[in-house]
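Protein sequence lines correspond, in order, to chains U and Z.
Residues 1 to 145 (the working numbering) are what the first sequence spells out, left to right.
Residues 1 to 192 (the working numbering) are what the second sequence spells out, left to right.
Any given hint could turn out to be false.
Here are the computed lysine-lysine pairs in the DSS-like style, where the Cα-Cα straight-line distance is at most 25 angstroms [said to hold, decoys possible]:
| # | chain 1 | residue 1 | chain 2 | residue 2 |
| --- | --- | --- | --- | --- |
| 1 | Z | 166 | U | 5 |
| 2 | U | 38 | Z | 27 |
| 3 | U | 38 | Z | 94 |
| 4 | U | 5 | Z | 177 |
Chain U regions said to be covered by chain Z (calculated; three or more residues, Cβ under 8 angstroms) [as the list claims (entries may be wrong)]:
| # | region |
| --- | --- |
| 5 | 19 to 26 |
| 6 | 30 to 42 |
No lab work stands behind these hints, which were simulated from the structure alone.
Note that CB positions come from ideal geometry on N, CA and C, so glycine has one too.
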Amino acid sequence: MSDMKLDDGDIRDLFAATPVYTDAPAFEARVMRGLRLKLWLRQGVIALAGLVGGLYALAQFVRVPNWTIGEKVLSGSKMARVETDQTFRAGVEFFDVIGKNAVNLFYSSMHYLGIMQTPVFFWVTFSLCLACLALYYAYSQEETI
Amino acid sequence: MGLTSDKLDLTRQSDVDLVRLCAGGDKSAFAELVRRHGSLLRTHIRRMGAQGADADDMAQEAFMSAYEHLAEFRFDGPFIGWLKRIASRRYLKKVRANHKYLLTDNMSLFEPEPGANEDEFRAHNLDAALNRLKPVERLCVTLNFSGDLSHQEIADELKLPLGTVKSHIKRAMDQLKTILNPTPTPALETGT
């Protein structure tokens, strides 16, 4: 056997040679599955953020002065009750009860909506958003070579 | 008019074309890139020192990260080179976070077990030979030869002096050549 000596080029060739993995198709499927899951989760987070944002906007909207949808509903149902006959009154009262319950529910949720209208809530969410952006920027800078 | 994979045989497309298709939202083009470079990337990560499932996890993360940062690929080099750099950086980050004995000088940790078959290591088996090196030497030589990073880039990534990186690579190369060189078979004596 000849006394063959390896040089740097031979070592480089050895590094360039890639072994064949029997589970290569499974690995490809795993990567694509992970990618789809990540994209789906991201879309979920965006939808959730939209929901929270929408709720916040609603909280701001109901804070408008003289905005009293609850009273309008109640007075409307009372007028209807006076002006309708006895047979129709039962139905109106039924919807009236449902309406009152809905308004009560709405007012009870106003407590939470009220929290969302405070300056503290605004600054906390604003800071969180900024922190998320800063983290994303730092992370993306670190990834990039 | 944008290209779509419906009309293309993706296996015949270049990496550049596939990256452009991916940037246009074509996931099947990215699947082709994974199929094409998956084994190479997994091997690169293993050669840096990651083990089995851990290496595959990191390869997967590197692909997913590459997909998210495709817009940053500048087409100034091969796609696999960019991919390897992302994977290398992720591996180094993980090594630092886990405080593994990456930069130790204590060779007793890496001495072969008594009775290990020396002939096995003398085979032309790069991976077995890499296992004989100190982790930092293995990392430097892999980043240089497989990751195509320059000595200066490796020094920057590892936060080591340039001279130290060069000596690690030199020592690693010497050892690899020693380990991988076939043992000269003694000439058979013919009786007279």
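Hint check results:
{"no.": "1", "hint": "166/Z / 5/U", "in the structure": "holds (22 angstroms)"}
{"no.": "2", "hint": "38/U / 27/Z", "in the structure": "holds (13 angstroms)"}
{"no.": "3", "hint": "38/U / 94/Z", "in the structure": "holds (21 angstroms)"}
{"no.": "4", "hint": "5/U / 177/Z", "in the structure": "holds (8 angstroms)"}
{"no.": "5", "hint": "19 to 26", "in the structure": "holds (count 5)"}
{"no.": "6", "hint": "30 to 42", "in the structure": "holds (count 7)"}
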